[in-house]
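Please construct the entire structure, taking both the sequences and the accompanying hints into account.
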Amino acid sequence: MSDVEAAGLHELADLIFAVGRQLRPPTDPSFEPCTPIEISVMRYIHHHPGTSARAAAEAALLPSSNFSRVLRGLEKRGLVDRVVDSSNARGVCLYPTEKAHQNLQYLRDNWARTLRGIVDDPATIETVNATLRRIEHELIARRRGADPRDSRAG
Numbered sequence: 001m002s003d004v005e006a007a008g009l010h011e012l013a014d015l016i017f018a019v020g021r022q023l024r025p026p027t028d029p030s031f032e033p034c035t036p037i038e039i040s041v042m043r044y045i046h047h048h049p050g051t052s053a054r055a056a057a058e059a060a061l062l063p064s065s066n067f068s069r070v071l072r073g074l075e076k077r078g079l080v081d082r083v084v085d086s087s088n089a090r091g092v093c094l095y096p097t098e099k100a101h102q103n104l105q106y107l108r109d110n111w112a113r114t115l116r117g118i119v120d121d122p123a124t125i126e127t128v129n130a131t132l133r134r135i136e137h138e139l140i141a142r143r144r145g146a147d148p149r150d151s152r153a154g
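Position 116 (the sequence shown) corresponds to 116 in full-length UniProt numbering; numbering is contiguous.
Simulated from the structure, these hints should not be mistaken for laboratory data.
It is possible that part of the hints are untrue.
Okay, the calculated beta carbon distance ranges per label pair [unchecked claim]:
| # | residue 1 | residue 2 | range |
| --- | --- | --- | --- |
| 1 | V84 | L12 | 40 to 48 Å |
| 2 | E98 | D14 | 15 to 23 Å |
| 3 | I37 | R108 | 41 to 49 Å |
| 4 | L104 | V128 | 29 to 37 Å |
| 5 | S68 | H10 | 33 to 41 Å |
The beta-carbon is built from N, C-alpha and C at its ideal position, and this holds for glycine as well.
Shown next, in the form of structure tokens:
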């Protein structure tokens, strides 16, 4: 890899990090604030309702002991329901609660207001979103040791 390519990739990662830091939580008093780790867990549970605790912990890059603590906090605040897995009585399935869905709506509305007017072209927004989805997918596949080119459909 050339120095120019490495510098470009560094800038991409740096900008992703910087933009993420600029996205502030909603100020609505009904919004249940979450830490970045809790947001990561909730994001996975929203995208994969009924997921196992193990899958959610792996997706959030948390050891099971840390994940259990985060999950208990989310449950206590009414954001996650733990349901016994009907196919494995020792397992649980995780679901976002109605409060979690409302929280997500506050977040969507807030971030839409925050970003509105910065990039107005829907095609540009979709291109950026598709690129970021691909980056996320490939980073996950690399972390798991898989060749991301084997599963492009996801």
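Hints and how they fare:
{"no.": "1", "hint": "V84 <-> L12: 40 to 48 Å", "result": "holds (43 Å)"}
{"no.": "2", "hint": "E98 <-> D14: 15 to 23 Å", "result": "violated (38 Å)"}
{"no.": "3", "hint": "I37 <-> R108: 41 to 49 Å", "result": "violated (20 Å)"}
{"no.": "4", "hint": "L104 <-> V128: 29 to 37 Å", "result": "violated (21 Å)"}
{"no.": "5", "hint": "S68 <-> H10: 33 to 41 Å", "result": "holds (35 Å)"}
Violated hints, listed in ascending order, are 2, 3, 4; each of the other numbered hints is respected by the structure.
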